[in-house]
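Student: Here are the chains, one letter per residue:
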Amino acid sequence: MSTDTPTTPAPPHPRATGTTALSEGAPAPAARAATLASPPAAGTAAPAASGPAPSLPALVPPPSSPPPSVSVLAGRLWEAVIGGDQVRAAALATGALEAGLEPEALLLDVIGGLQARVGREWAADRITVIQEHAATAVNDRVVALVAGHPAFAAAAARQPDRGRIAVACVDGEWHAFPARLLAEVLMLRGWRVDYLGAQCPTPHLIAHLHRTAPDALALSASLSTRLPAAHAAVTAAQAAGVPVIAGGAAFGPDGRHARLLGADAWAPDARAAAERLARGLPLPATPHQPVDDLPHLADQEYTLVSRSSRELVGAVMAALEREHPAVRSYTPLQRAHTLDDLAHIVEHLAVTLYTGDPELFTAFTGWTREILLARGVPDALLAFSLTVLREQLRDLPRSVAVLTAALSTSAGGAA
Amino acid sequence: MASSSSTATTEREFLAASPYPVVVLGPDGELLHSSRSARLLLEGPATGGVPPWLRRAQQALADGARPDTVRHTHPVAGPVEAHPVPRPDGSTVWWLVVPEGCAGLLPRTAGDGACDWELLTRLSGLLLSSLNVDRILETVVRQAALHLADAAVVVAPGNGRTLRLVTCLRGGDPAHVQQRADPAEVPGLAEALQGFPPVPSRWIDPDATPRWLVPAGFGRVGSVLVTPLPGHGVPAGALVLLRAAGGGPFASEEEVFARLFATRAGAAVSAAVMYSEQAAVTDLLMRELLPPRLEHLDGVDYAGGYRASVDRDRIGGDFYDVHPAADPGGETLALLGDVSGKGLEAAVMTGKVRNTLHALLPLADDHGRVLNLLNRALLTSHHTRFASLVLASVRREDDRVRVRLSAAGHPAPMVLRADGRVTDSTTLGSIVGVLPEATTCTDTVLLDPGEACLLYSDGITEAKGGPTGREQFGDHRLRQALAQCAGLPAEAIVERIQMLAAQWLRDGRHDDMAVMVIAAPPRGHLPVVGERRGHTT
Chain Z
-3 MSTDTPTTPA PPHPRATGTT ALSEGAPAPA ARAATLASPP AAGTAAPAAS GPAPSLPALV
57 PPPSSPPPSV SVLAGRLWEA VIGGDQVRAA ALATGALEAG LEPEALLLDV IGGLQARVGR
117 EWAADRITVI QEHAATAVND RVVALVAGHP AFAAAAARQP DRGRIAVACV DGEWHAFPAR
177 LLAEVLMLRG WRVDYLGAQC PTPHLIAHLH RTAPDALALS ASLSTRLPAA HAAVTAAQAA
237 GVPVIAGGAA FGPDGRHARL LGADAWAPDA RAAAERLARG LPLPATPHQP VDDLPHLADQ
297 EYTLVSRSSR ELVGAVMAAL EREHPAVRSY TPLQRAHTLD DLAHIVEHLA VTLYTGDPEL
357 FTAFTGWTRE ILLARGVPDA LLAFSLTVLR EQLRDLPRSV AVLTAALSTS AGGAA
Chain P
15 MASSSSTATT EREFLAASPY PVVVLGPDGE LLHSSRSARL LLEGPATGGV PPWLRRAQQA
75 LADGARPDTV RHTHPVAGPV EAHPVPRPDG STVWWLVVPE GCAGLLPRTA GDGACDWELL
135 TRLSGLLLSS LNVDRILETV VRQAALHLAD AAVVVAPGNG RTLRLVTCLR GGDPAHVQQR
195 ADPAEVPGLA EALQGFPPVP SRWIDPDATP RWLVPAGFGR VGSVLVTPLP GHGVPAGALV
255 LLRAAGGGPF ASEEEVFARL FATRAGAAVS AAVMYSEQAA VTDLLMRELL PPRLEHLDGV
315 DYAGGYRASV DRDRIGGDFY DVHPAADPGG ETLALLGDVS GKGLEAAVMT GKVRNTLHAL
375 LPLADDHGRV LNLLNRALLT SHHTRFASLV LASVRREDDR VRVRLSAAGH PAPMVLRADG
435 RVTDSTTLGS IVGVLPEATT CTDTVLLDPG EACLLYSDGI TEAKGGPTGR EQFGDHRLRQ
495 ALAQCAGLPA EAIVERIQML AAQWLRDGRH DDMAVMVIAA PPRGHLPVVG ERRGHTT
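Top to bottom, those sequences are chains Z and P.
Quick note: the first sequence, position 385, residue 381 per my numbering, numbers continuous.
Quick note: the second sequence, position 125, residue 139 per my numbering, numbers continuous.
These are calculated hints, taken from the structure and not from any lab test.
The reader is advised that the hints may include incorrect statements.
To be verified - Computed list of chain Z residues with no C-beta within reach of chain P, every gap over 10 Å:
(1) D121
(2) D136
(3) A236
(4) L290
(5) P321
(6) A339
(7) P354
(8) P374
(9) R394
(10) A397
Unchecked claim - Partial list, derived from the structure: chain P residues whose beta carbon lies under 10 Å from chain Z:
(11) R149
(12) E152
(13) T153
(14) E267
(15) A293
(16) T456
(17) R493
(18) Q494
(19) Q498
(20) A500
(21) G501
(22) L502
(23) I507
(24) Q512
What the hints assert, rightly or not - On the chain Z side, residues computed to face chain P include the following (Cβ under 8 Å):
(25) G80
(26) R122
(27) I126
(28) H129
(29) A133
(30) H200
(31) A209
(32) A228
(33) A232
(34) A235
(35) L256
(36) R275
(37) V309
(38) F380
(39) P393
The beta carbon of each residue, even a glycine, is placed where N, CA and C say it ideally should be.
Please construct the entire structure, taking both the sequences and the accompanying hints into account.
Tutor: Here is the structure:
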């Protein structure tokens, strides 16, 4: 689950920066998780400067000294986290709890907002990959620490006993932080939670569902390239009789990809997910086949493109080296990054063909361009690569349409 | 002599009453006449009452094919033979022969919904979907209460003197009840719970029905049907259907339907029972083999990550452990290794190696001796497997961390310095479990705050992938990746290495991959607290 509402439609890959290979340095995925979930909408994460979220009744007796406002605390915590000062970060977080800040507000408004900011700062090239990684690690430790705080146990104890929820990231998804926050929030609200973590292989997930029969599976995905894997997990979980609530930037800012893949529910953030789960999800109806959701897969374009992705990457790279002297003189590292970037472009094209949503690819290329511009890299190579790709795939009408749309948007965006 | 029109009428009446299914189709497959029996057989979603297979056969005839018997398998009635008799006006009489019984015996479709094959198929689909016993029992009572009765109860085989009941009122949610009761009070129930001897479903006297069998909130009982769930060697329990007083008795078709439903429910329950027993055994055995959760220990950070070669499995031939020092100020023994082979067999072997090393802990001061004893143990076991590993004895000394490293046939650990330099430790030794003697030379590394030591298995460096799909991840990429991690907390380094290796692989096949980081905490460090409530995995 993403901790805040994505407002921009950009679902790109963390390392997509690759096109940065064109520049240097690879963005880290941990940051992406947050970047993908772009600036928070009102009422959800970060800058709700007005103290504890209004959606919850006051769980804590009035404190003797009022808790610091969320924005003040977030600002102080940011300094500590970005400086790698774990002790200070922990002291700030536990101090806020003891001053009466609701645990849920601490998790979502302060720490969740912080994580989103880490992603934004990275995207704007104001912090490095390593700073971003370290900040995520500190955040993770702070969550582990505050979740062990008595205030958490006390808050959870005040809730009625609810059922059991499995929280997992899609197979191949490394951004566990949003799912982690959701797991903590659900525990705070009285659920028994099995947190299966990042990168949960689907067979393992399904075996878990059969063994424990939870009331629902909360499935998190930040990267749109994980949508085919998410689809497999959604259908398999439903076939096992477990309804699925989907969340995270991969499912689109309005959850349209969650609907497309047949998820039983979608939530834009952890609070909405908790509220939706509290109302109860109906059991999945008669099991259906994955292909029922996506009849356009019959044209095989997805299969063709994803199977030949390595060849496509090779062909585009060869053309780049042929036509652009600058690329010919790349260092081995730059070349490796460029290959990575091309692989991400093909991967996004494939997932666009899978979902049949051309906007997905346009958003990806648009986002990539922004990342490039933030780093002062011209985007001519990107447009060139897309053109070569379109030529390679000229026999596949849907692919050609997607690439053409991306190219025309790119011309408009550059203008 | 009757007029031609009256002949036609007679013919139509004659056809309609035919006990054998017969249809008359026009040249293009349109339906001209049909017997009631044929309508029963052919009824379905097909347009105009003519199923596609028959329409195609008719069109083939119209196109000049030789009249020949057409065979088709009907989903309910089984094999059907259609014998065409062409008529001069271009239409064809098709006589349908159902070898396994006349169409008059076919169930009625729709109507009161009691004997509905489509429904049975749908219910079977729902029953097949789960492998969780409770979930299936809930499905059984929910659907039975919806389609077969006013309320349904499954009495599941429990243990001892309590019975496990799952009850559901029509349209309600299933409830689980533990009940101290004697199943012998209900005729046939005790046998059904034992799974032997087989008993038919039977009516029981509603007034003699014990109160515990009637779900809470259900009024006066009108009729009760007890149907065993046939469990294929595993007792699966019994299904009890209840109707409210005044609801009338169960019709015989309803009883037949209930029996068919119970057959499927029994099969689903027994499969789930067997699956959950197996899964529980596997879980129990696996728990010992899973890599441990690592955390902060005696002033040193540890983090580990593991990915099995088979993504379905969580275990494989790589292993790591951290054994705290026996006395304060002593050395912690961390180790990471790789047993030859992969999958479950290799995992069992890692369990033995880990146990042996655990037992040798008091000797951990002398790595050479530990490795030799392990070597001897492996040589004398009946396994032909061998292992490579790294031992690391770790002690915090003021701000710094001293690590004594001994490799045995394993890649030498890398050391990440605060400034981002990556060096290799110089330890080197032979694998264990092959040669009569195991030799190793130990290297000692000092870590300043923020520095780390990386232990890894060759599954990481030999991961094949990259843009071409054939290139190995290799030492130099691992070194580069590690160099970027300067200043990161231990678990962030592990995550980053794992992630880069996974991205390198993409969807390619790979060996078991294990990494462990031993790190001297940076200043301003926050120890990770122990794991908490609610988390599995």
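Student: Decide, hint by hint, whether the structure agrees.
Tutor: Going through the hints against the structure:
1. D121: The claim holds: D121/Z sits with its nearest Cβ about 17 Å from chain P, beyond 10 Å.
2. D136: 7 Å, violated
3. A236: 6 Å, violated
4. L290: 20 Å, holds
5. P321: 21 Å, holds
6. A339: 6 Å, violated
7. P354: At about 24 Å from chain P, P354/Z clears the 10 Å cut-off, so the statement holds.
8. P374: 23 Å, holds
9. R394: Holds: least Cβ distance 22 Å, greater than 10 Å.
10. A397: Nearest chain P Cβ is 26 Å from A397/Z, so the label holds.
11. R149: 4 Å, holds
12. E152: 9 Å, holds
13. T153: 7 Å, holds
14. E267: Violated, because the Cβ-Cβ distance from E267/P to chain Z comes to roughly 24 Å (cut-off 10 Å).
15. A293: 5 Å, holds
16. T456: 31 Å, violated
17. R493: Nearest chain Z Cβ about 13 Å off; hint violated.
18. Q494: Holds: closest Cβ of chain Z sits about 8 Å from Q494/P, inside 10 Å.
19. Q498: 6 Å, holds
20. A500: Hint holds; A500/P Cβ to chain Z Cβ min 7 Å, cut 10 Å.
21. G501: It holds, given that the least Cβ distance between G501/P and chain Z is near 6 Å, below 10 Å.
22. L502: Nearest chain Z Cβ about 5 Å off; hint holds.
23. I507: Check passed: Cβ of I507/P comes within 9 Å of chain Z, closer than 10 Å.
24. Q512: Result: holds, 8 Å to nearest chain Z Cβ.
25. G80: 7 Å, holds
26. R122: Where the cut-off is 8 Å and the nearest Cβ of chain P is about 18 Å from R122/Z, the hint is violated.
27. I126: With Cβ-Cβ at 6 Å, under 8 Å, it holds.
28. H129: Hint on H129/Z: holds, closest Cβ of chain P at ~5 Å, below 8 Å.
29. A133: 4 Å, holds
30. H200: Since chain P brings a Cβ to about 7 Å from H200/Z, closer than 8 Å, the hint holds.
31. A209: 4 Å, holds
32. A228: 12 Å, violated
33. A232: With a closest approach of 10 Å, the A232/Z hint is violated.
34. A235: Holds - the Cβ of A235/Z comes within 8 Å of chain P, reaching about 5 Å at its closest.
35. L256: Hint on L256/Z: violated, closest Cβ of chain P at ~22 Å, above 8 Å.
36. R275: With Cβ-Cβ at 14 Å, over 8 Å, it is violated.
37. V309: 6 Å, holds
38. F380: F380/Z check fails; min Cβ-Cβ to chain P is 18 Å, beyond 8 Å.
39. P393: 26 Å, violated
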